[in-house]
Amino acid sequence: MQYLKTLIIATLLCVFALPAYAHHVLGRPSYSLGEDSNTPPSMQVETQIGDFYVTYMAFPAFPKPNEQGRVNLYASRIDNGLPFDGKVTFKVRDDSWFASKTEVLGVQDIDEVVYRQGFIFKNDGDYIITAEFESGGEPYQIDFPLRIGEPLAVGPIGITVAVLFFILLVVNILQRKRRFSLKAKRAREENNS
Amino acid sequence: MIMTHAGLPDTWVWFALSVMMLALLWVLVRTPSNTSTQHFMNIERLPVLGQLARLFAASPWPLLILKFISVALFLTVIAAGLFGTPIPERNLATTLTWTVWWAGLIITVFFLGSAWCAVCPWDTIASWLVKHRLWRRADESSSLGLKVPKAWRNVWPALAMFIGLTWLELGVGVTTNPYATALLSLVMIVLATIYMAVFEGKAFCKHVCPVGRTVGFYAQLSMVELRPRQQQRCDNCETLECYHGTDEVEPCPTHLVMGTLKQSTYCTSCSACTMSCPHDNVGWRVRSPATEAIQHARPHWGEAWFMLGLLGLTTFHGITMLESWEKGLSSVGQWLGDSGQLILSFSLGMGLVFFLPILLYAILIKITQRLMPIEINFKQLFSKLAFISLPLAFVYHLAHNLNHLVRESRGFTEVLMNPLGRGSLPLSSHELHTRHMSPLISEQLLYGLQAGLMVFGFWLALQILQRRTMETLTDQAAWRSHYLLPGVIFIISVTAFNLWLLVQPMIMRM
Numbered sequence: 043m044q045y046l047k048t049l050i051i052a053t054l055l056c057v058f059a060l061p062a063y064a065h066h067v068l069g070r071p072s073y074s075l076g077e078d079s080n081t082p083p084s085m086q087v088e089t090q091i092g093d094f095y096v097t098y099m100a101f102p103a104f105p106k107p108n109e110q111g112r113v114n115l116y117a118s119r120i121d122n123g124l125p126f127d128g129k130v131t132f133k134v135r136d137d138s139w140f141a142s143k144t145e146v147l148g149v150q151d152i153d154e155v156v157y158r159q160g161f162i163f164k165n166d167g168d169y170i171i172t173a174e175f176e177s178g179g180e181p182y183q184i185d186f187p188l189r190i191g192e193p194l195a196v197g198p199i200g201i202t203v204a205v206l207f208f209i210l211l212v213v214n215i216l217q218r219k220r221r222f223s224l225k226a227k228r229a230r231e232e233n234n235s
Numbered sequence: 074m075i076m077t078h079a080g081l082p083d084t085w086v087w088f089a090l091s092v093m094m095l096a097l098l099w100v101l102v103r104t105p106s107n108t109s110t111q112h113f114m115n116i117e118r119l120p121v122l123g124q125l126a127r128l129f130a131a132s133p134w135p136l137l138i139l140k141f142i143s144v145a146l147f148l149t150v151i152a153a154g155l156f157g158t159p160i161p162e163r164n165l166a167t168t169l170t171w172t173v174w175w176a177g178l179i180i181t182v183f184f185l186g187s188a189w190c191a192v193c194p195w196d197t198i199a200s201w202l203v204k205h206r207l208w209r210r211a212d213e214s215s216s217l218g219l220k221v222p223k224a225w226r227n228v229w230p231a232l233a234m235f236i237g238l239t240w241l242e243l244g245v246g247v248t249t250n251p252y253a254t255a256l257l258s259l260v261m262i263v264l265a266t267i268y269m270a271v272f273e274g275k276a277f278c279k280h281v282c283p284v285g286r287t288v289g290f291y292a293q294l295s296m297v298e299l300r301p302r303q304q305q306r307c308d309n310c311e312t313l314e315c316y317h318g319t320d321e322v323e324p325c326p327t328h329l330v331m332g333t334l335k336q337s338t339y340c341t342s343c344s345a346c347t348m349s350c351p352h353d354n355v356g357w358r359v360r361s362p363a364t365e366a367i368q369h370a371r372p373h374w375g376e377a378w379f380m381l382g383l384l385g386l387t388t389f390h391g392i393t394m395l396e397s398w399e400k401g402l403s404s405v406g407q408w409l410g411d412s413g414q415l416i417l418s419f420s421l422g423m424g425l426v427f428f429l430p431i432l433l434y435a436i437l438i439k440i441t442q443r444l445m446p447i448e449i450n451f452k453q454l455f456s457k458l459a460f461i462s463l464p465l466a467f468v469y470h471l472a473h474n475l476n477h478l479v480r481e482s483r484g485f486t487e488v489l490m491n492p493l494g495r496g497s498l499p500l501s502s503h504e505l506h507t508r509h510m511s512p513l514i515s516e517q518l519l520y521g522l523q524a525g526l527m528v529f530g531f532w533l534a535l536q537i538l539q540r541r542t543m544e545t546l547t548d549q550a551a552w553r554s555h556y557l558l559p560g561v562i563f564i565i566s567v568t569a570f571n572l573w574l575l576v577q578p579m580i581m582r583m
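Protein chains in written order, with my numbering: chain E, 43 to 235; chain P, 74 to 583.
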């Protein structure tokens, strides 16, 4: 029992002696105001690809059609924090399963530590901005979401209503069939008797 | 800007550890009793709660009103998620679902058992769509009423759903995405409706729903239960209206017979039994918490996995809030060539954290099996002692959720006034700081509650271990304290790790 108690205390001491940390999660869009809250809100995604940490910021956070917007991209090496110094190609496509057309928004050089790409979209919708660059002979391609204007939400509701309607319809038809065959069976039994 | 909540101070940790040591010593030195004991009191005898309980038992309308409110809020959540702002802290979909409901739900289980299931909007909407009745017994032809296939008649689907929900929550980031939160809500309605339309009773609630099963298992630790007022009356009952229903009232949707009910895991608190009993013999009563987990709940292989899964996944929530987790994820991502949200690396980490406590538990059960003086099957012992994981998971879940609820639900009334967040801006640094500095209750009270909860869970786990080990032995004379050692090691390891997690600063979710 003494051995057990010593073991417990030793284990707990080891565990509680570890240092404390905080955390944040990669790859999720987040919205923020600058330190000076008069600045417009931006949408930001932090992520990593290969040897690089990449931060993408869209200004404004909620761009509208025919409104000037800008994407800032920061890429720094994970091992030493040095910024990537090359060319980055920005492309755009519709964020849909059937989208095939990709347009080049521009090719940008580094400006201090940031790659800036301006944009103007004519139509509402969800788009994917792709940033492409090459480092150490390896091609890098990373996608970020960008919503222009108001989202179209009829899709999910329409699909849900359609699925629910279909299920209830099928159940109804099957139940009618079941009732009909039960009636027919009873009628046959009555005739036979 | 990232804000973190301060972790549990050392003073509270040492306080918790000291009490735990005393509890451990007490359990190790005493010989447990093998007799069944239960203390309870009828809620209806209590002044205010009693009137409330009688009101709900006498008429379907109070419950129906609550269902309407719950459905209205749920539909608002969907509308806010689909049409509202994508800023999570300004949208009702994310704040109500993840900060208030999901965090608060676990707290309500202790005081109200599985009461949430009675007003669950997924089940309510599915029932209304399929049965075309607000509460009365539906025509049998409204559903195909098929029996659930034997292979699915367990909690494995619910465990898979719970793993999936945790993956979506922490890996994909549904908690900070109002649109995805609304989509998830729609998927749950579709699933509940399919099950309701195809299978008999509430098969979705019983076998699939990750929330219902989590609530159901935690309800074993609750301080309330729905039981017969007089056992004798149920023993003599031959009509079993609680099971079969009446012309007006539905039968028990999860096929429970009130007279033989020993555990609340599958009770959805739907009130069908209280309304159908012709002798008015079913009611709520207050009991000593965890009575079921300690002595009444029957062990099952699948249920044991669900309880251990709950333990792994609740601990996993805390782990994902450590900087070392992110660093590790980044390194694994580089190694695997993973990019973007590092979903592959995340999934691997989640799998590891899920299986590690189960592996440790299995090894310790194997050792217990060797130590025991009687022959006992490994699966049986594994299932029987898995109940020790339930309070360990529950108290950490509560302590962790308290942090979210107390520190992050400030500003919820503003969101309630503008559920879609129209025209709102993200939280400024000043607002973030204000929220951070003004929790709903004082920090010291929060720390006290967290430390107290950890002690409570540790104590309950020891009680369960002792009682269930004794039951396995059957002969009190064969009792030796060292049979408990492997189980005690498991309880200490899990409690120590979870306590350490609470000590760490925790990031604000939104």
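The set of hints was computed from the structure by calculation and includes no laboratory data. A couple of the hints might just be wrong.
Computed cross-link-like contacts, DMTMM-like style, restricted to lysine to aspartate or glutamate with a CA-CA straight-line distance of at most 25 Å [as the list claims (entries may be wrong)]:
hint, chain 1, residue 1, chain 2, residue 2
1, E, 225, P, 320
2, E, 219, P, 212
3, P, 400, E, 136
4, P, 439, P, 548
5, P, 400, E, 192
6, E, 106, E, 127
Some residues of chain E that are not near chain P, with every Cβ distance over 10 Å (derived) [claimed, not checked]:
hint, residue
7, 83
8, 99
9, 101
10, 108
11, 134
12, 147
13, 151
14, 153
15, 155
16, 156
17, 202
Chain E regions said to be covered by chain P (calculated; three or more residues, Cβ under 8 Å) [what the hints assert, rightly or not]:
hint, segment
18, 184-191
19, 207-218
Glycine included, C-beta positions come from ideal geometry on N, C-alpha and C.
Let me make sure I understand: some of the numbered hints might not hold for this structure. Which ones are they, in numerical order? 3, 5, 6, 7 and 17
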